[in-house]
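Starting from the known structure of chain A, arrange chain B on it as the hints suggest.
Protein chains: 2
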Amino acid sequence: MVVVGGGFGGLQAVRSLRRAPVDVTLVDRRNFHLFQPLLYQVATGALSPAEIATPLRVVLKRQKNVRVVLGEVRDFDLDHRRLVLDALANGDDGLVIPYETLIVAGGSRYSYFGHDEWRPFALEIKSLESALAVRRRIFTAFEAAEIEQDRKRREAWLTFVVVGGGPTGVEMAGQIAELARDTLSRDFHSVDPRRARILLVEASERLLPAFSPRLSTRAAHTLQELGVTVLLDTSVVDLDEESVVSKGPGGRSTHVPTRTIVWAAGVVAGELSGALAAASGAALDRTGRVAVGPELTVEGHPEVIALGDMVSAHDTAGNEVPLPGLASTAMQQGRYAARSVRRRARGKSSEPFQFVDKGNLATIGRAHAVAEIKGIQTSGMLAWLIWLSVHIFYLIGLQNRLLVLTRWAFSFVTRGRGARLITGESAAPATAGTATVSGSESNS
Amino acid sequence: MVVVGGGFGGLQAVRSLRRAPVDVTLVDRRNFHLFQPLLYQVATGALSPAEIATPLRVVLKRQKNVRVVLGEVRDFDLDHRRLVLDALANGDDGLVIPYETLIVAGGSRYSYFGHDEWRPFALEIKSLESALAVRRRIFTAFEAAEIEQDRKRREAWLTFVVVGGGPTGVEMAGQIAELARDTLSRDFHSVDPRRARILLVEASERLLPAFSPRLSTRAAHTLQELGVTVLLDTSVVDLDEESVVSKGPGGRSTHVPTRTIVWAAGVVAGELSGALAAASGAALDRTGRVAVGPELTVEGHPEVIALGDMVSAHDTAGNEVPLPGLASTAMQQGRYAARSVRRRARGKSSEPFQFVDKGNLATIGRAHAVAEIKGIQTSGMLAWLIWLSVHIFYLIGLQNRLLVLTRWAFSFVTRGRGARLITGESAAPATAGTATVSGSESNS
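Chains as they are written, first to last, in my numbering: chain A, 2 to 445; chain B, 2 to 445.
Just so you know, the hints here were simulated from the structure itself, not pulled from any lab data.
Check the hints yourself; a few may be wrong.
[Stated by the list, open to error] Distance ranges between label pairs, derived from CB positions:
no.: 1; chain 1: A; residue 1: L406; chain 2: B; residue 2: R416; range: 16 to 26 Å
no.: 2; chain 1: B; residue 1: S390; chain 2: A; residue 2: T415; range: 17 to 27 Å
no.: 3; chain 1: A; residue 1: A368; chain 2: B; residue 2: R20; range: 52 to 62 Å
no.: 4; chain 1: B; residue 1: Q225; chain 2: A; residue 2: D193; range: 20 to 30 Å
[As the list claims (entries may be wrong)] Where chain B lies over chain A, by a calculated footprint (3+ residues, C-beta under 8 Å):
no.: 5; segment: 27 to 34
no.: 6; segment: 403 to 416
For each residue, glycine too, the CB sits at the ideal point set by N, CA and C.
For reference, chain A alone in the conformation it holds in the complex (with noise of 0.2 Å):
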């Protein structure tokens, strides 16, 4: 069999087949998995790439009956039940994997609403590359402001808008402000960084619309008292390389020059929704998700299972089960989806699958978090704590913990940031760096 996607639901499926009597393809366009829930802290330089991702071979390594293969899926063969894949390493455009029972977990990604011209200056926090060019651009606006002589210019450098007040937005404003009162409050000479505006613009009236209404309050007060500007009930309407259009309650229109500007809205499916769709037959919802029976199969593919972000659940009668898009929700499909392969090997059929709601965490900033889990809402430093403890027990492996745990216990006394490193526009030129360094050869 064939899963396809090394994310939550991917790899716990993957995981979930260790013991299972058959031979699982695992195909990634990645060599590593990859938590995202930690990824805006890499883009804040908080923490470094390898420390959140890990490589699936490790994470795979003593499970004898997986094969792991880097590819892009180009087909999804239905008919013949099998993939062609773009295989990445070496080039081969046609590598075909039959199957005979295909899991897809191919993700979500962001929507520009339409607008695709924002991507360039609006940049998402999606894949490792992405949370680095986000960095640099954060570190880049502060270096920028530092030797800006025109006043205009400046405030526009040290104006940074993040657009959606989801559990990214909110992380990634509180981040930003976080920044520039604490971390690089003194570390220039020309501009004050306390001086930072930042904006978090969120369409709706509330943020973080999974929650409860107080929590949601808490959250915006919270972030208030960091110094970020929450504008609610507020959409972007226009951006370019130097500026946010939004409009207001009332309709209001405001320009605010900047030269930073985050996007963490408009979650919608990854491309595999689209072309599994495209090849089943199956019904695409407003979001791009991919329409899944009770058992997560696709109509009229029992033998092909999807999950996580990019599909829309249904119940028996045919209606949609709403479902949070969670790592914890994708996990508990893998493992779902792991089970009915097992039940099938011993000719049993499947039931439906049955989520379970295991809580909603966001980290607002230093100590400051919302939690809801099984009813009891907290918010502030016991919050914090309970997303600290998931959060590293969720991580994979022992030395990733450690050098995270070492990270956030120094930012936390510091209030520093190890990884605040504007690297590469480009991968690698030719001799970037050369003014950088002596002791080229060193070896002492």
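Frame of chain A; chain B shown alone:
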């Protein structure tokens, strides 16, 4: 005064001026100091970039007489005692910085012996970006071999050629061998990484020419035990994307199919050396280094000090004083330059620079190194412990020391490498990683 370059020499000069009655502007292309002697460990996935790079503003946080400017020198205007910079952060291409004293520490780069067309195929390990590009190629090669059907092409993917038998070449060859034999040995299904061929090509008759012949022999022997084929008296005469042609002892020519070539030969001065020589009329030697006098000043410009890998030092009689291209040399010269500036501020003349040989260290593999300190030669475990202690000591910051020690401890025990990521060919493909992630907007 102005210091150009935040490498070992430049940064040491700035730090040694912390109590001097001068205002210092430090100019660098990058916002961090890079600990170059461990860059090969980034290239082989043992360490993550931020662990060997410290932001200059963090290093100099408490030093109030320093201003840091991100910029690239466009012009040394020695007559008017001012620098013209391309300010990298805001794109201002004509930032003028006047100085009374100028210290230039521009470092070195690799030359391809007049074959710049080899550069794209034989990557150097010089900047963080180029180290990550090497990392990508090495780990992609194993992934490609795993899916390659053709035996000859598979063998080419599993052949690694390192050019240059200095410390970096020796370290890279040893690391790739350990990767293949230990770290990756059981990670693949179709190929056995232990069958990888690693060739180390050195034009002269021995490795590590800065060490005694006995230790050179020892290093070659250790590498061979690790599975590296050491080719001495052998020059690269041609190379391209798929092969290396070398000429060995007796003029025998060999054609080796390979997809991964690492370049670690031909260290020459960085670009700033030529620019400084052109501006001052000082001589350049055949490796592009600018001549400086016994006080490290450029002829005719006692206010301009140059140091580190970009200079060739001369004594009062005008004879060249050969100095090793080590971090230690640059740091001693940086301290000396700062002392000169302080003496001049008190109206005293400076004394000639005196080099103190601190010894030479090179690591070959796990628990193997060679060391030559004050005439004492040692190799093996003891040398490796010295190497380890010295490197941890010179790393900047307690946090990075702890992180590096943690990674090394895990690598030592598990023979794993925690940062084996294949990351982006370009910085931020808009939807990169889409296929790999579930639970994108996750917050639990």
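Hint check:
A beta carbon spacing of about 23 Å between L406 of chain A and R416 of chain B agrees with the range 16 to 26 Å that was offered as a hint. In this structure the supplied range 17 to 27 Å holds for S390 of chain B paired with T415 of chain A, their Cβ-Cβ distance being about 25 Å. The given range of 52 to 62 Å is broken by A368 of chain A and R20 of chain B, whose C-beta atoms sit roughly 37 Å from each other. Q225 of chain B and D193 of chain A have their C-beta atoms about 59 Å apart, which leaves the hinted 20 to 30 Å range violated.
With 6 residues bearing a CB less than 8 Å from a CB of chain B, the segment 27 to 34 of chain A meets the requirement of three and the coverage assertion stands. Judged by the Cβ-Cβ criterion of 8 Å, the segment 403 to 416 of chain A is covered by chain B as claimed, because 5 of its residues qualify and three suffice.
Violated hints, in rising order: 3 and 4; the structure is consistent with all others.
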